[in-house]
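Student: The primary structure of each chain is shown beneath.
Protein chains: 2
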Amino acid sequence: MLKKIMLDRGRAELLKRILREIPPDLVLTNIEFEGPEIVLYVRNRKAIAKYLDLVKNIAKKVRKRVVIRADPDVRLPPEKAKEKILEIVPKDAGVDPNGIVFDHTRGEVWIKAEKPGLIVGRGSYIRHYILAETGWRPEPQRASPLESKVLKVIMSNLLKESDYRLRFLRKLGERIHRDVIFKNNYVRITALGGFMEVGRSAILVETRESRVLLDLGINVGAGTDYDRAYPFIDIDQLNLSELDAVIVTHAHLDHIGLVPLLYKYGYRGPLYVTKPTRELMVIMIKDLIEVTQREGKYLPYSEKDLMTTILHTIPLEYGDVTDVAPDIKVTMYNAGHILGSAIVHLHIGMGLHNIVYTGDFKYAPTRLLNRAEDKFPRVETLIMESTYGATRQQSRREAEAELIRIVKKTIERKGIVLIPVFAVGRGQEIMLVLNDAISKGLIPKVDVFIEGLVNEVTAIHTQYPEYLNRNIKEMIYRGENPFTADYFHIIESGTARPDIVETKPSIILATSGMLTGGPAVEYLKLIASDPRNSLVFVGYQAEGTLGRRIKDGMRELQTVVDNKVEIIRINLEVYSIDGFSGHSDQSELLRYVRNISPKPRNIILNHGEPSAIMTLARLVSKIIRNPSTGYGANTMVYTPHLLDSIHLTARR
Amino acid sequence: MLKKIMLDRGRAELLKRILREIPPDLVLTNIEFEGPEIVLYVRNRKAIAKYLDLVKNIAKKVRKRVVIRADPDVRLPPEKAKEKILEIVPKDAGVDPNGIVFDHTRGEVWIKAEKPGLIVGRGSYIRHYILAETGWRPEPQRASPLESKVLKVIMSNLLKESDYRLRFLRKLGERIHRDVIFKNNYVRITALGGFMEVGRSAILVETRESRVLLDLGINVGAGTDYDRAYPFIDIDQLNLSELDAVIVTHAHLDHIGLVPLLYKYGYRGPLYVTKPTRELMVIMIKDLIEVTQREGKYLPYSEKDLMTTILHTIPLEYGDVTDVAPDIKVTMYNAGHILGSAIVHLHIGMGLHNIVYTGDFKYAPTRLLNRAEDKFPRVETLIMESTYGATRQQSRREAEAELIRIVKKTIERKGIVLIPVFAVGRGQEIMLVLNDAISKGLIPKVDVFIEGLVNEVTAIHTQYPEYLNRNIKEMIYRGENPFTADYFHIIESGTARPDIVETKPSIILATSGMLTGGPAVEYLKLIASDPRNSLVFVGYQAEGTLGRRIKDGMRELQTVVDNKVEIIRINLEVYSIDGFSGHSDQSELLRYVRNISPKPRNIILNHGEPSAIMTLARLVSKIIRNPSTGYGANTMVYTPHLLDSIHLTARR
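These protein sequences, in sequence, are chains S and B. With UniProt numbering, letter number 276 in the first sequence gets 276, and the count goes up by one each step, no holes. With UniProt numbering, letter number 347 in the second sequence gets 347, and the count goes up by one each step, no holes.
FYI, nobody ran anything at the bench for these hints, they're computed from the structure. Careful: at least some of the hints might be erroneous.
Copies of the same chain look alike in the list, so a pair counts if it works inside one copy or between any two.
List time: in silico BS3-like cross-link candidates among lysine-lysine, alpha-carbon distance up to 27 Å [unchecked claim]:
(1) LYS264 to LYS183
(2) LYS304 to LYS275
(3) LYS183 to LYS297
(4) LYS440 to LYS56
(5) LYS171 to LYS60
(6) LYS551 to LYS84
(7) LYS275 to LYS149
Produce the complete structure using the sequences and hints provided.
Tutor: Okay, structure coming up:
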């Protein structure tokens, strides 16, 4: 018997259509809207194995995500279920018997395995079979050779708050699937941050029905200048109860850094991100909280708010079409920028309008990631980042060659190569470049020491190989995890540093990437005076950072030893390689405009200094005015300022 | 002893500065913020007469509007006060002893007089003297030869709800004078209605501190197509409690028609309009409510909401600089469009930005009104209507000559001239043209019959001569009220019509202006078949109206007599004169852009069909690119679409 009595018309209609599809022998007991998913609860679990394609077929018919679960009454006791699971799952999967955890509220069993794909099986056959035999729906997790502490924290929190989370999802489900009220809809965006500037990205997308926030970052560089540090969201005026969803493209602080503030101020709606972005977000924000506290600075939220954020996070996979509001479906696509980075596609009002927001993206393959996606079902508006709108970069091939040349030379003279890296992306990319060079014999096999946040981040990378460049993914599937090569040494504490710098030749990767602090600075102090060593910058060095000053020619370091200021001469060789950026450079941005399919009729440029945006706008205008590129005659290029709004569906 | 204890710092500072200026012998008992005014209550009323310039000097120092009142305890009993007033006021003032009304809550006495200026006196001498002698602050009212029913309704409502109004004003006063919170302010406008279209005007002005709505009209022509009829204000999202003020330029329904809805939905903030606009608003909206009911259509508010609107209306005079929010001062200037029509000047953030919003305006003198104002203390953004951006009109002189020619010819052949008129503006303008022509002997002195809303509106015109063209104003001051000439006959009821059309030759002015209903249509039926008569359109005839069809050549009228459809042949002569518009035509709009002083750096065009706006934008761009016109090199012309927002203070 169905519990639901009061339903609005649209939802009642939807349920009717689903009910029609369900074979009576499944004995349906309930249908729930749980977040974006429609969950079918059945009593006859044994029958589930018979209807392998049922869920897929219903999902296709009603254009919603559908999941099947067994009624709580018919689930096996955990111990029995565990036995059954170990019996069913092929030995090759490498299931960790201690990694089988039951979520009673949702009827899920999390199974840690070396080859998690074998728990799902071809056509989800094994998953269905486990569900039919035990009443528990298996959720596989990769047993990574590198342990992620953060992932453990996240999972144990989700398990602990499973009751709350189910209630949240059901409430959200009712909201997402509420009836559409207005026939005449519109779409409008408001530039809240990261327009005509870099940092504090935030875009409000409004329709008559709903409101969605794309990204909510902070400008870390703005320090205590709060007017430049946070996007223009007046929490009062944003009317948090009116916000349907927050969708974040990737885990960099300038895109995600202010999200916990929403939860501090009472927002209890969903945050949609990819799974890797969820884990990286926790790493990045925990680190931000720590650094801010250590430096005695102010951050308007605390770790408690981050925990609330996790509870309301709904992870999506690339390509999942997900309802986030009655009139908005979102799909994430690979952006090629960092692990889990997404290009967000919004399908609004049953085809009224489609927005593609690139976030930060790399329109070229890297060692770590595939090239950003350029094909979409529909696009009327493209919102594109413009960081390097006025800059052409060294090619990736040249950059790698230069790095290898420097490393080789330094090794030959028995020196140490210190490479300051950003925790997310650049560190892993350099690891892959070194691994490739060593395996091909381009550089000798030397010890590579890795210290800082980068290790935790690397663990997340190995957790989600399906998000990585296809070569790396296949290496990991084959069991040749490039991040676990024997010359990579993970350094957990600073006490080993004096010993490490005695190991020569060697390579050290350490955070922070701009020498604003962290182990990289400590290593530099230890090796700066020896001219056989090298310091190699592989990322942008912002104005005012130690990295920038050294890059610009500063050759002395001050340090405090025993309460006395000591001066260290910088005698090592200093290099800077600009070709490792995770952003598209000018030619890649323009190529994206040329290649994107289908062609949008609004192109909105954001995330760049004014000069970069205006240069890019000029070049993009040229492309769209050339009819051979496939752009329509009334395509518009917009370069909005902060707080401008554009009515995308206005006839212009 | 001052009652105030809890005050925020800015207000405390302000009070301190005022206290310093007050002579002790006045015996100050209280200072209240009442709406935009700061009110000084004093016990020693006799001393008030000594300090004639005190209020003016304080106002100048603190840049606020300041008023002095006597403490309630020291006010004479009304009967005694009345005697005293009649004794003090010069006989020439023509005070109506039955027109002296006391408002106990506010300590005001309303005095109706033929020459209300004599109650204030040179330098407010008499006003102060009355206040000193009676303890009551005189508010003069003009005793008009034409009675306005609406004005009576308004005044009696205000008197009845005087307690509520005082509480409202004090609450509002606290809000207006609240401390400014943010140092870094911005200004942004959002096009909610009347952009790239005519009708449903509405602009939201937002700063970091406050939010003000400019106009809130309905598109009467859109009928039941509610998506086109109302501006894009989602009452939920507008967050009425966050709205500081509504400012309306004039009483036409496309600028004021949706204001009562705000009050229906719980808005209890102020509505700022000129006094004539308040009275005309009541006439127009009452009429709209009646017509809508009669035609069985839907209006989302009722007369009750209109009454609530009146209670929260704060009338301003042209030139009054008035605080409406901690960071916004508003000043109204003559717009020359209809009686009381205003160009709104917003001074924002202590000089951060100044907006001039023209509303509908006529940049040329008419018989009825002076030319719109073109000099302002500062302007960075001009928002200009563009109704006739693509149209050049007949000159006023030609239009008058043509009307006189038609009238003369028709009179000569003993016919009737029927002139359908809009109630507000056009009717009075035509009365003045006819009055002038008759007084100069250009046309014979014939009876002019006037029926419809126009009469109530004319009464309001004679109530506020200071808002009229200086010639008319002086005529009225001299006692030669042109609206009360003996050949103007006000027709109160439809029963006289058959007799009226027997009076030949004659002139009939009647509403509605587009023959969509009203007495004009009834008169037409009675006189249409006689070829000696003339029908003269003096205003725009919209698509789909009877007026338009006749103008376009239709020569038959259907009417129902005794349940039978009868066809009336239209044999009378049909004319159309386009030079009487209350809007600036293209050349006047361009002249305004050339003459406005100082020169804005943003010019935003609204209130026009897209073709009119785009034509005008092209011509305006030409002007501003010519350095001899005084415009800066980076002046921008904007043609926003509905729901676009522009950040006015962004550096572009």
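Student: Please name the hints from earlier in the document that this structure breaks, with their numbers sorted from lowest to highest.
Tutor: 4, 6
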